[in-house]
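Let the sequences and hints guide you as you build the complete structure.
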Amino acid sequence: MLLSKDEIASCAKRVAASTDRRHYNNIVKLVSQYPDLSQVEESAFENDEPTLRFLTMALLPVFRKLFSRGQLNPAKAASANEKQFSQWCRKLYNSYKSKLLHCISCIPFESSLALDCLDAYMQLLEQEAIHFASHDDAPFFPNKTLKALILAIFKSNVSSSVDAADGQSKNPVVLEFTQSYYKKHVDIQYYFQAEMTALTQEDESIKTLDHMQLMAKWLSIMNHDNHYSSEDADLEIFVPQPPQAMENESQFKSNLEKNWLFFLNLSGLPTTHYKTTLLILHRRIIPHFNTPTKLMDFLTDSYDLGDHVVSLLALNGLFELMRRYNLEYAHFYSKLYQLVTPSLMHVKHRSRFLRLAELFLSSTHVSANLVASFIKRLARLTLDSPPAAIVSVLPFIYNLLKKHPTCMIMLHDPDYISDPFADADKIALVKERRRQYTDPYKMEESNPEITNAIESSLWELDSLTNHYHPNVATLAKIFSQPFRKHNYNMEDFLDWSYDSLLQAEVTRKLKVSPALEFEEYGAAFGEYIKCVEW
Numbered sequence: 001m002l003l004s005k006d007e008i009a010s011c012a013k014r015v016a017a018s019t020d021r022r023h024y025n026n027i028v029k030l031v032s033q034y035p036d037l038s039q040v041e042e043s044a045f046e047n048d049e050p051t052l053r054f055l056t057m058a059l060l061p062v063f064r065k066l067f068s069r070g071q072l073n074p075a076k077a078a079s080a081n082e083k084q085f086s087q088w089c090r091k092l093y094n095s096y097k098s099k100l101l102h103c104i105s106c107i108p109f110e111s112s113l114a115l116d117c118l119d120a121y122m123q124l125l126e127q128e129a130i131h132f133a134s135h136d137d138a139p140f141f142p143n144k145t146l147k148a149l150i151l152a153i154f155k156s157n158v159s160s161s162v163d164a165a166d167g168q169s170k171n172p173v174v175l176e177f178t179q180s181y182y183k184k185h186v187d188i189q190y191y192f193q194a195e196m197t198a199l200t201q202e203d204e205s206i207k208t209l210d211h212m213q214l215m216a217k218w219l220s221i222m223n224h225d226n227h228y229s230s231e232d233a234d235l236e237i238f239v240p241q242p243p244q245a246m247e248n249e250s251q252f253k254s255n256l257e258k259n260w261l262f263f264l265n266l267s268g269l270p271t272t273h274y275k276t277t278l279l280i281l282h283r284r285i286i287p288h289f290n291t292p293t294k295l296m297d298f299l300t301d302s303y304d305l306g307d308h309v310v311s312l313l314a315l316n317g318l319f320e321l322m323r324r325y326n327l328e329y330a331h332f333y334s335k336l337y338q339l340v341t342p343s344l345m346h347v348k349h350r351s352r353f354l355r356l357a358e359l360f361l362s363s364t365h366v367s368a369n370l371v372a373s374f375i376k377r378l379a380r381l382t383l384d385s386p387p388a389a390i391v392s393v394l395p396f397i398y399n400l401l402k403k404h405p406t407c408m409i410m411l412h413d414p415d416y417i418s419d420p421f422a423d424a425d426k427i428a429l430v431k432e433r434r435r436q437y438t439d440p441y442k443m444e445e446s447n448p449e450i451t452n453a454i455e456s457s458l459w460e461l462d463s464l465t466n467h468y469h470p471n472v473a474t475l476a477k478i479f480s481q482p483f484r485k486h487n488y489n490m491e492d493f494l495d496w497s498y499d500s501l502l503q504a505e506v507t508r509k510l511k512v513s514p515a516l517e518f519e520e521y522g523a524a525f526g527e528y529i530k531c532v533e534w
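Under the UniProt record's numbering, the letters of the sequence shown match residues 1 to 534, in that order.
In case anyone wonders, no lab produced these hints; they're calculated from the structure.
Bear in mind the structure is a predicted one, so any value in this text is a computation, not a measurement.
Note that beta-carbon positions come from the ideal geometry of N, C-alpha and C, so glycine has one too.
Wrong hints could be hidden among the right ones.
[What the hints assert, rightly or not] Across the chosen pairs, the derived CB separations fall in these ranges:
1) T208 with S10: 38 to 48 Å
2) K207 with D297: 12 to 22 Å
3) Q244 with K207: 29 to 39 Å
4) M408 with S250: 42 to 52 Å
5) E249 with P440: 55 to 65 Å
6) F483 with L359: 16 to 26 Å
7) S159 with T271: 43 to 53 Å
8) Q201 with S10: 45 to 55 Å
9) V512 with E328: 51 to 61 Å
Here it is in structure tokens:
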């Protein structure tokens, strides 16, 4: 049976307001009030939670008083008796901290008590930095105290606490720690990464926790831009006198790198975690790595998952490493080419693929055979694609042809064009070539360098000039005209859909009214119906 709030307040006041040590037994009484919360039912807990919250906040000023009286540091005791008393007080203090950590880690549902315990624990950490230092104003950070909190946070297992959309944790304790402490304080960040490295390398218990929950919490803590090593970071100091070692940015990056690699190598992660990680890779992960090329294994594993979006994002990450850090990855364009499948034309991430493919193929050092393979394969896929997809692909092909003029032979091959001034034999030879032409392109070949696309033609684009949809037919005709336009802005075409195409048609202003039937009728088949004998 819990004490009432009045009883708790009375016990706490006796200790805080008086130096009489006979009252200190009240601390034992108060600390022992915390029940085992690991198996508690939410309905039963609701009755006790207000009292437990009051108890937590009542004990906090009690231990603040003990800090200020110097009764929690046995090393500074003046006599053997004082040392023994300080050790007893320190034991009570450690018991209180353990109770706070228990509430943080064991309550299986959302509760305000866990948030109060987190806040109280961080206030105690600040007090330790002041009073547990070797002497007044000496630099000190209680990293072991933070380490225990980190483990409690990652053990916290609130049900339904993972966001299905991005795989990040919705656990209130994780969010509160991130928003109020980690994102705001440079020393918290530095020692968090240092102690997390120690946990992942030395403590086997963290490896036995649910991997999805672990990764969800890690992503929630790390997915922001206000990091220690960010150029524009706006951070404060949490403890009054942090150690100078905290200024070692290289060590911070080293620890952060080890921690990211630990979490990325967890087994059984869902695709949402891969997607979220890959989306933040360039801006929030790579800049904080000492050796970004260590991400190569994760990126190749991500591609091999088989999820089209994850594979594309993984290639984007590999391209970033190739471009910025001289990573060599010989099969990059083969992997990209293998993503150009019929399903690509029917999925919502098609626009993302075209944006990235335009970036990947923008280099003039890419071979003409390779570019021709992408052009040809996309052109072939347009034959049975929806109009919205075709409208996106045609400007993409146009831009590639402009950027890589060698591929123009696929549109205009002199060997198949008749010269009206040539002799009869040459004209007959050209006609015979055109009659016997068979497309040499190998659609099933996975290596874009050997598909024979450059020797092929883009007859598919000519077929599209007869497409039923006027927008597609009009756009396809640009390939039969001189290429005077420098390039198309892909953003004008990427987000088209059936709905937007129809909406554009409905709202289009007509220059000339369409021809209509000159006789007006009141109803369809009106006169015919009247004369029919039923």
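Handout entry: T208 versus S10 beta-carbon gap, inside 38 to 48 Å or not
Key = holds, 43 Å
Exercise for the section: Go ahead and decide if the range 43 to 53 Å is satisfied by the Cβ distance of S159 to T271. Expected result: violated, 22 Å
Handout entry: Supplied distance hint 45 to 55 Å, evaluated on CB atoms of Q201 and S10
Key = holds, 47 Å
Exercise for the section: Using the Cβ atoms, figure out if F483 sits within 16 to 26 Å of L359. Expected result: holds, 22 Å
Handout entry: Outcome of range test on Cβ distance (E249, P440; 55 to 65 Å)
Key = holds, 56 Å
Practice task
Using the Cβ atoms, figure out if M408 sits within 42 to 52 Å of S250.
Solution key: holds, 51 Å
Practice task
Indicate whether the distance between the beta carbons of K207 and D297 respects the range 12 to 22 Å.
Solution key: The hint (12 to 22 Å, Cβ to Cβ) holds, given that K207 and D297 are roughly 19 Å apart.
Handout entry: Distance restraint hint 51 to 61 Å, applied to the beta-carbon atoms of V512 and E328
Key = Since V512 and E328 have Cβ atoms about 60 Å apart, the given range 51 to 61 Å holds.
Practice task
For Q244 and K207, compare the CB-CB distance with the range 29 to 39 Å and indicate the outcome.
Solution key: Distance hint for Q244, K207 holds at roughly 33 Å.
Hint 7 from the list above is the single one not met by this structure.
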